[in-house]
Amino acid sequence: DQQVKQNSPSLSVQEGRISILNCDYTNSMFDYFLWYKKYPAEGPTFLISISSIKDKNEDGRFTVFLNKSAKHLSLHIVPSQPGDSAVYFCAASARGHNDMRFGAGTRLTVKP
Amino acid sequence: GAGVSQSPSNKVTEKGKDVELRCDPISGHTALYWYRQSLGQGLEFLIYFQGNSAPDKSGLPSDRFSAERTGGSVSTLTIQRTQQEDSAVYLCASSLLAGQETQYFGPGTRLLVL
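Those protein sequences? They're chains W and G, same order as listed. Residue numbers are given in the working numbering: position 85 of the first sequence equals residue 85, and the series is strictly consecutive. Numbering-wise, the working numbering comes out as the position in the second sequence, counting from 1, plus 1000.
The hints are simulated quantities; they were obtained by calculation from the structure and are not laboratory data. Source: prediction; values computed, not measured. Heads up, some of the hints might be wrong.
As the list claims (entries may be wrong) - Covered stretches of chain G, as calculated for chain W (at least 3 residues, CB under 8 Å):
1) 1036-1044
2) 1050-1059
3) 1103-1114
Claimed, not checked - With a cut-off of at most 30 Å between alpha-carbon atoms, the simulated DSBU-like pairs for lysine-lysine come out as follows:
4) K5/W x K54/W
5) K1057/G x K5/W
6) K1011/G x K1057/G
7) K56/W x K71/W
8) K1057/G x K71/W
9) K56/W x K5/W
Positions of the beta carbon are idealized from the N, C-alpha and C atoms, including for glycine.
Using the sequences provided together with the hints, build the complete structure.
Pasting the structure below:
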């Protein structure tokens, strides 16, 4: 069952513009959300997280927004840079549970 | 090493053979996770270890899959009688504690079953 969904398999943006990656979830028990970034032939690396008690978390060029009522979160990257080109995975977990659920990933390409 | 390491990086095997995949977590990390990523799919949770015990085996897709962890460190994932649908990248991750801690991933083992 796909409890975490990333409906856009790919996204292409121009350098300097904003990248917006979206993620939807179905399990209302999820209370912690993360974004991981993955380059080819490497494991995913943690990027940014947000707890359900917040609706926004910002770290430099990266901001994650959480809309609990819509069960939706998004990752904004601004300004986008060519080095941001990677696959971005959304992940979610519920307190007391150890199986983090991942989306299928969105491949971001930032064109110079 | 500073990060999670996995071996082998690539494995090609024939259908029906057994394979063993190894994961060396970050030193001191008590929690260890195995995931797999099939072509075009997200990361699928397989199993989780806290120390040497595996309280959550719910993600193992069949009884051909097993995993163990010894000394609270190295873990091996064993797939018996491999099938073509087992072809995937198998990723290991570790975290300092269990629960909602950031997980640090290894580079993965790319398994191809012919």
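Item to check | Per-stretch coverage check for the stretch 1050-1059 of chain G, three Cβ contacts closer than 8 Å to chain W | outcome: holds (count 5)
Next on the checklist: Please check whether the stretch 1103-1114 of chain G has three or more residues whose CB lies within less than 8 Å of a CB on chain W.
Outcome noted: With 6 residues closer than 8 Å to chain W, the stretch 1103-1114 of chain G meets the three-residue bar; holds.
Checklist entry - Given the proposed pairing of K56/W with K5/W, does the C-alpha separation stay at or below 30 Å? => result holds (20 Å)
Checklist entry - Quick one, are K5/W and K54/W close enough, alpha carbons at most 30 Å? => result holds (21 Å)
Next on the checklist: Checking one constraint from the list: CA of K1011/G to CA of K1057/G, max 30 Å. Satisfied?
Outcome noted: Since the Cα atoms of K1011/G and K1057/G sit roughly 24 Å apart, the hinted pair holds (cutoff 30 Å).
Item to check | Given hint K71/W paired with K56/W - CA-CA distance at most 30 Å | outcome: holds (14 Å)
Item to check | K1057/G paired with K5/W [C-alpha distance capped at 30 Å] | outcome: holds (23 Å)
Next on the checklist: If you count the residues of the stretch 1036-1044 of chain G with a beta-carbon closer than 8 Å to a beta-carbon of chain W, do you get 3 or more?
Outcome noted: holds (count 5)
Checklist entry - Is the Cα-Cα distance between K1057/G and K71/W 30 Å or less? => result holds (27 Å)
Against the hints set out earlier in the document, no violation occurs for any number.
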